[in-house]
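> Residue-level listing of the chains:
There are 2 protein chains.
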Amino acid sequence: MSRAFNFNAGPAALPESVLLKAQKELLNFNGTGMSVMELSHRSKEYEEVHNGAISLLRKLLNIPDDYEVLFLQGGASLQFSMVPLNLLTEGKTGYYVLSGSWSEKALKEAKKVGKTVVVASSKDDTYKYIPELNADDIKEDAAYLHITSNNTIYGTQWKSFPDVDVPLIADMSSDILCRPLDINKFGLIYAGAQKNLGPSGVTVVIVKKSLVSESLDHLPTMLNYQTYIKNNSLYNTPPTLAIYLLKLVLEWVESEGGLEVLEKRNNEKAKILYDVIDESNGFYQGHAREDSRSNMNVTFTLPDQEKSAEFLKLAKENGFVGLNGHRSVGGCRASIYNAVPVEHVEKLAQFMKSFKNR
Amino acid sequence: MSRAFNFNAGPAALPESVLLKAQKELLNFNGTGMSVMELSHRSKEYEEVHNGAISLLRKLLNIPDDYEVLFLQGGASLQFSMVPLNLLTEGKTGYYVLSGSWSEKALKEAKKVGKTVVVASSKDDTYKYIPELNADDIKEDAAYLHITSNNTIYGTQWKSFPDVDVPLIADMSSDILCRPLDINKFGLIYAGAQKNLGPSGVTVVIVKKSLVSESLDHLPTMLNYQTYIKNNSLYNTPPTLAIYLLKLVLEWVESEGGLEVLEKRNNEKAKILYDVIDESNGFYQGHAREDSRSNMNVTFTLPDQEKSAEFLKLAKENGFVGLNGHRSVGGCRASIYNAVPVEHVEKLAQFMKSFKNR
Chain P
169 MSRAFNFNAG PAALPESVLL KAQKELLNFN GTGMSVMELS HRSKEYEEVH
219 NGAISLLRKL LNIPDDYEVL FLQGGASLQF SMVPLNLLTE GKTGYYVLSG
269 SWSEKALKEA KKVGKTVVVA SSKDDTYKYI PELNADDIKE DAAYLHITSN
319 NTIYGTQWKS FPDVDVPLIA DMSSDILCRP LDINKFGLIY AGAQKNLGPS
369 GVTVVIVKKS LVSESLDHLP TMLNYQTYIK NNSLYNTPPT LAIYLLKLVL
419 EWVESEGGLE VLEKRNNEKA KILYDVIDES NGFYQGHARE DSRSNMNVTF
469 TLPDQEKSAE FLKLAKENGF VGLNGHRSVG GCRASIYNAV PVEHVEKLAQ
519 FMKSFKNR
Chain X
169 MSRAFNFNAG PAALPESVLL KAQKELLNFN GTGMSVMELS HRSKEYEEVH
219 NGAISLLRKL LNIPDDYEVL FLQGGASLQF SMVPLNLLTE GKTGYYVLSG
269 SWSEKALKEA KKVGKTVVVA SSKDDTYKYI PELNADDIKE DAAYLHITSN
319 NTIYGTQWKS FPDVDVPLIA DMSSDILCRP LDINKFGLIY AGAQKNLGPS
369 GVTVVIVKKS LVSESLDHLP TMLNYQTYIK NNSLYNTPPT LAIYLLKLVL
419 EWVESEGGLE VLEKRNNEKA KILYDVIDES NGFYQGHARE DSRSNMNVTF
469 TLPDQEKSAE FLKLAKENGF VGLNGHRSVG GCRASIYNAV PVEHVEKLAQ
519 FMKSFKNR
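Chains P and X, in that order, are what the protein sequence lines are.
Sequence positions in the first sequence follow the numbering used here and run 169 to 526.
Sequence positions in the second sequence follow the numbering used here and run 169 to 526.
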């Protein structure tokens, strides 16, 4: 059986070589006679996996020493609460940029914790673009500025990150590792794994140590970043299998040549599809404004609902998976994360062209 | 390579047939051409896994219709906070039985939320037994009574559950599915998966619906049980791979004959080891008092530290994994969860006898 043409928005395609390696050693990890998921999280063998994943992420993203790499559970959805619970202290304000539904959810959770301000938004234009930010609007009471680096539903992405004097917090769930980053620009980055990092069930947090140094013992222990920092993310049993798979994905990223290579490839993959859209004489309409186009999620509509339905039906029959757009936007979406091969993107481009020409 | 003699306390041994099935379909789940971890959590294929796991757990534990089965993340450690955040309302008191370190941690988190009372404890006697509970000590202000059904570190286990007029909350992380249960006795049961249920990374909650019907919108969305109830545990991306493996483990439990069969086998396995201890003329000393002995974790010490170290070293050389006792008790611990084969327990018993006779 050949691999499906998987354009799922997340959980999403993983590198075939990662799956093959996981399959090969599933019953016998590293000569232990046990599966990696049967190892104690306090064992030497597991600690090598755990610390190996941290080191590799540090290397690939060039993470400075004054930042911690943490593994948590609960996805970005739990981070929506943990960020304000840890950072939005009395008298401070959390500044939010609304660039999509996930930003809105992050804001909703922050409002339960403290004072918030929406400093920029493209909501009124169905989130077609990344709104422009006026750094002067961020006042001295700011605890942080929160952004969503890539918006899966709308297919938009920040091309460069704002220069601000307050800690910049970014939800990078859907585009972490799609390109190199200057970590120093950020106070805290969080990402659910299920797009570019691995399977669902582990959340990566990269945080500047000085940002979370205050004692917050009143918080639930599991919602306090310090718990994870003090215990190397081993306060309780971590999701060991998910972290192992994350490590395999990071090894794959390294073997492909690192983030510069992936960024180039991602831009090429995205261009293949955007070119089909732009050269279709309006048959395919991109949802995102050109300057905000994502290289991870390509969103588009067809002339009418009927054509869309026909396209999706035929695409499915031709083995393309996950092309339905999110219900809030409609139309179609092709998610082309790191692990989606160029060849699959080319197949989709061909299919789009031939569908148009029918 | 043959399977290790895995006596890890958790993450722990899983059934070999489960691992073989997971291995076989790791790159192609159910003819999809995708790994189960590459499926969208909104797809028909994944929903069958998700709902199949819920149905099977309902069947095996005979869970009544007025209870919900939920999948969460964060382990028992997050439940320590979620239970009081959802149930310990203003003016109420959380009653706790202390039977080990995990009970203490649960109490610690509840104290951050509201009023608590320790209604019974065996702490002064290094948690050698399950303390006796006087139901009259639980007053009308009780929000609930919290117990830990099995104490991995000390090797003790509740043999029957208390009859009380308030919601009984049980942390069953280390012995759920070791025996049949009368779910009606409980208000809420929670369990991290990494002992009898599957890999780490998913937490099962079984809760009586009427107990969590009050609106609690001020809570972080991800800490509100209602979020999981309203969305069939699909509010955000669940840990799909861990839930899939949980389903395979549940299928294995069913194929073995269900919980009556497993209870009988677990008692037999435990008896093999306790007999070696009891017939060793004091060479091996059980930590747990006889009436509180666990059928999941057998804890014992040797005449002195030196002998213990020698035993553990030789055991390791003979392929036994995970026999070190927890640092707070010392000595040795054999965790014999559902998936540990009788033959491995017999091997260990033989080893213990021959070590004594050297």
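Please note: incorrect hints may appear among the correct ones.
Because identical chains share one entry, a pair is satisfied inside a single copy or across any pair of copies.
In silico DMTMM-like cross-links for lysine to aspartate or glutamate, where the CA-CA straight-line distance does not exceed 25 Å [what the hints assert, rightly or not]:
| # | residue 1 | residue 2 |
| --- | --- | --- |
| 1 | K280 | E258 |
| 2 | K279 | E258 |
| 3 | K279 | E216 |
| 4 | K307 | D446 |
| 5 | K260 | E193 |
| 6 | K212 | E485 |
| 7 | K189 | E213 |
Read the hints as simulated data drawn from the structure, not as lab findings.
> Mind listing which of the numbered hints don't hold for this structure, in increasing order?
3, 4, 5
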